[in-house]
Amino acid sequence: MLRQNALTLALVAAIAVLVWLFLRPAPTPTSLPPPAPAAESKIELPSAATDQNQKSKIPPPAPERSTLADALNSPAATIDDDLRLVALVLETFRSNFPRSGNPVGLNSEITATLTGQNQLRLALIPPDHPAINREGELTDRWGTPFFFHAESATRMTITSAGPDKKLHTPDDESFAP
Amino acid sequence: MNKKSAPSPKPTRREFLGSACCAAVGTTGLLSALGSLRLMAAAASPANGPQVPSTAAASGIGSDYKALICLFLNGGNDANNLIIPTGSDYAAYASARSNLAIPQASLLPFNPKTSDGRTWGLHPSVAELNTLFNSGQAAFLANVGTLVYPTTKTQYNAKSVPLPPQLFSHSDQQVQWQHSVPDKPTATGWGGRVADLVNNLNTSDQISMSVSLAGKNTFEIGSKVSQYSVSTSGAVTLQGSTSSATSADGIRFRAQKDIFAQGQSALFETAFGSASGDAIVSADLLNTVLAAAPAITTPFPTTAGTTSTTGTGLTSAASQLRMVARLIGASPTLGLKRQIFFVQLGGWDTHAAQLNNTDPVAGSHAGLLQQISQAVNAFYKATVELGVANQVTTFTASDFGRTYRSNGDGSDHGWGSHAFVIGGAVKGRELYGKMPTLTINGPDDTGQGRWIPTTSVDEYAATLATWFGVSATDLPTVLPNIGRFAKPNLGFL
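So the protein lines, in turn, are chains W and R. For the first sequence, the working numbering gives the first residue as 173, with consecutive numbering after it. For the second sequence, the working numbering gives the first residue as 3, with consecutive numbering after it.
Simulated from the structure, these hints should not be mistaken for laboratory data. Only a predicted model underlies this, so the values are computations on that prediction, with no experimental measurement involved. A couple of the hints might just be wrong.
[Stated by the list, open to error] Examples of chain W residues lying across from chain R (beta carbon under 10 Å, computed):
#  : residue
1  : 268
2  : 276
3  : 280
4  : 293
5  : 302
6  : 306
7  : 322
8  : 323
9  : 325
10 : 327
11 : 328
12 : 339
13 : 347
Heads up, the beta-carbon is just placed ideally off N, CA and C, and yes, glycines get one too.
Starting from the given sequences, assemble the full structure and let the hints guide the process.
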């Protein structure tokens with residue numbers, strides 16, 4: 173009887189050890205890789221008074237510059253190409269924000285969103301793209317802001333005022349994906 | 003505040019067994035419903051003819067009858083040119099609106115009972131509406147729009163409160179106006195949810211209490227009550243349907259009805275047959291009832307600028323509202339004590355050519371306003387003719403308002419907008435809600451004169467639903483977000 177109890181106790185102890193081995197938290201590495209000296213040397217400290225907290229606020233690495241809209245208003249392209257390219261930028265935005273749909277608002281608000289003012293800080297169009305005017309609006313090849321007409325969360329008609337730079341005239345060009 | 007535990011991603015065994023039981027019960031209900039549909043189709047077989055409810059109310063419309071009509075202005079009404087500042091505020095209006103400004107001298111005098119100190123005029127094309135307003139049968143609601151929470155400009159700029167998703171987008175804002183739960187996926191409209199609650203007041207549901215004159219809409223989608231589409235000339239019938247006993251069409255149509263009424267081996271086929279058979283029976287019934295309903299003699303406006311008492315040549319809004327009046331007249335025969343209608347007029351998306359270049363009080367927007375004004379006036383008179391003016395309320399809704407600042411040709415998508423309500427029960431000659439500060443980049447502007455709504459669609463809808471008979475207890479069922487807003491009753495009814 174005593175031997176049977178001892179065996180049971182041993183079995184329970186073995187199971188407990190096995191469970192602990194499986195469930196224990198993953199061991200933390202005892203040594204972190206040393207920081208890259210090049211990165212350290214690039215950080216410019218604003219002043220000698222910088223404290224330890226400031227040192228920890230190292231900006232994240234700059235995201236890779238998107239080339240998606242590079243060909244916008246290119247001399248080698250046409251207005252039709254431009255409109256399709258802007259539609260592609262919107263489609264790419266939607267694929268990254270499937271619950272939100274297209275950016276909303278006026279041209280300047282839509283452009284701000286497409287240039288990185290969004291939750292992911294995703295800049296599908298670089299903020300310094302030459303097609304963006306001083307008012308922060310995305311313009312066509314004649315310098316007139318594109319007209320965005322939001323039909324729904326996924327459908328946006330994009331219109332260029334055309335060479336006469338006046339909307340709602342016969343030379344307007346529109347694209348509705 | 004009620005606390006609800008977050009749903010577990012994985013169901014427990016108990017939850018699984020519970021769900022399985024519910025599914026089994028649900029399947030039984032479905033089978034039972036399909037069986038009932040089959041019985042109904044058989045009972046309403048062509049040999050029996052249309053089943054007109056035998057109701058004692060056929061003599062007239064009872065004092066307990068009510069109807070609610072949603073007049074949807076599809077495209078976004080530029081209400082900035084419906085209620086226009088006058089006096090010392092006119093110069094700022096004319097400056098912001100530039101080519102869209104309506105000359106002050108042409109405005110209709112607009113004197114609500116109470117005033118916030120500012121003075122207003124109405125667009126010259128809404129003379130009939132102004133008459134209804136002055137006689138107390140119409141009221142306006144200022145700057146109403148979709149909201150998730152009450153929102154200030156500071157909160158809007160800081161993004162510190164959730165905003166309705168896809169502001170300024172047509173279809174999204176139309177849907178949000180019609181279901182009024184902008185922060186959650188919602189399968190039903192607020193009109194449909196009202197219908198679900200009050201449908202038990204009707205003694206028959208052979209013809210749904212929710213009728214659309216403009217096809218399928220979100221507003222009338224209910225969980226229990228389905229919307230029923232009719233045309234401006236009556237029920238929508240199957241192509242080629244005729245009661246002729248000898249023509250090829252008539253013989254084919256009778257054969258179709260017989261086939262639909264038969265039980266099929268496949269459940270889906272039986273359900274399809276029942277639904278199709280029911281549609282035929284409903285159409286027959288409605289057209290029969292309409293033919294026997296009291297004729298509407300009130301003249302309605304025509305596209306030629308005249309009026310017609312027979313319904314020929316009417317404008318789109320007038321023809322829809324005339325059919326609504328006829329359906330209200332038929333309500334006793336249909337056994338309906340509550341009816342909800344959806345009427346729609348398109349063309350309000352006036353980005354360009356909003357005004358006639360040579361005449362600022364003409365153009366597409368002026369034409370639409372005139373059409374609405376004349377149609378609702380005729381409709382109100384028709385309800386007087388039917389003796390139900392105090393029991394019928396018409397209200398307007400639209401995707402959004404439009405930018406106060408002109409784009410050079412017209413106006414672009416905005417947010418808050420003004421609406422109006424008409425009916426004998428309306429506490430009229432009043433401007434409800436709060437007019438925005440009409441200043442570009444002012445405290446109510448999110449840019450270009452897109453006003454942050456000062457009244458939510460929830461508050462607007464709650465006031466209408468309460469008048470229609472929804473209790474305060476049931477109001478959150480119709481409008482789940484109403485508790486977030488200050489005024490569940492705006493007082494215009």
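Inset, instruction - Please verify that hint: residue 328 (chain W), Cβ, nearest Cβ of chain R, below 10 Å or not. - result: Given a least distance of 8 Å, the restraint on residue 328 (chain W) holds.
Legend entry - Minimum beta-carbon distance criterion (10 Å), residue 347 (chain W) to chain R: violated (16 Å)
Legend entry - Given hint residue 302 (chain W) near chain R, where the shortest CB pair must fall under 10 Å: Interface hint status for residue 302 (chain W): violated (24 Å vs cutoff 10 Å).
Legend entry - chain R contact restraint on residue 293 (chain W) - CB to CB distance below 10 Å: violated (15 Å)
Inset, instruction - Would you check whether residue 306 (chain W) satisfies its interface hint, that is, whether its CB is within less than 10 Å of any CB in chain R? - result: Constraint on residue 306 (chain W) not satisfied, violated at 16 Å.
Legend entry - chain R contact restraint for residue 322 (chain W) - C-beta distance below 10 Å: holds (4 Å)
Inset, instruction - Double-check residue 276 (chain W) for me: the hint is only fine if its C-beta lies closer than 10 Å to a C-beta in chain R. - result: For residue 276 (chain W), the interface hint holds, since the closest Cβ of chain R sits about 5 Å away, which is under 10 Å.
Inset, instruction - Report holds or violated for the interface hint on residue 280 (chain W), using the least CB-CB distance to chain R and a cut-off of 10 Å. - result: Holds - the Cβ of residue 280 (chain W) comes within 10 Å of chain R, reaching about 8 Å at its closest.
Inset, instruction - Mind checking the CB of residue 323 (chain W) against every CB in chain R and telling me if the closest is under 10 Å? - result: holds (5 Å)
Legend entry - residue 268 (chain W) as an interface hint toward chain R, with CB separation required under 10 Å: Given a least distance of 16 Å, the restraint on residue 268 (chain W) is violated.
Legend entry - Interface restraint verdict for residue 327 (chain W) against chain R (beta-carbon cut-off 10 Å): holds (8 Å)
Legend entry - Status of the hint placing residue 339 (chain W) at chain R (closest C-beta pair under 10 Å): holds (7 Å)
The structure shown violates the earlier hints numbered 1, 4, 5, 6 and 13.
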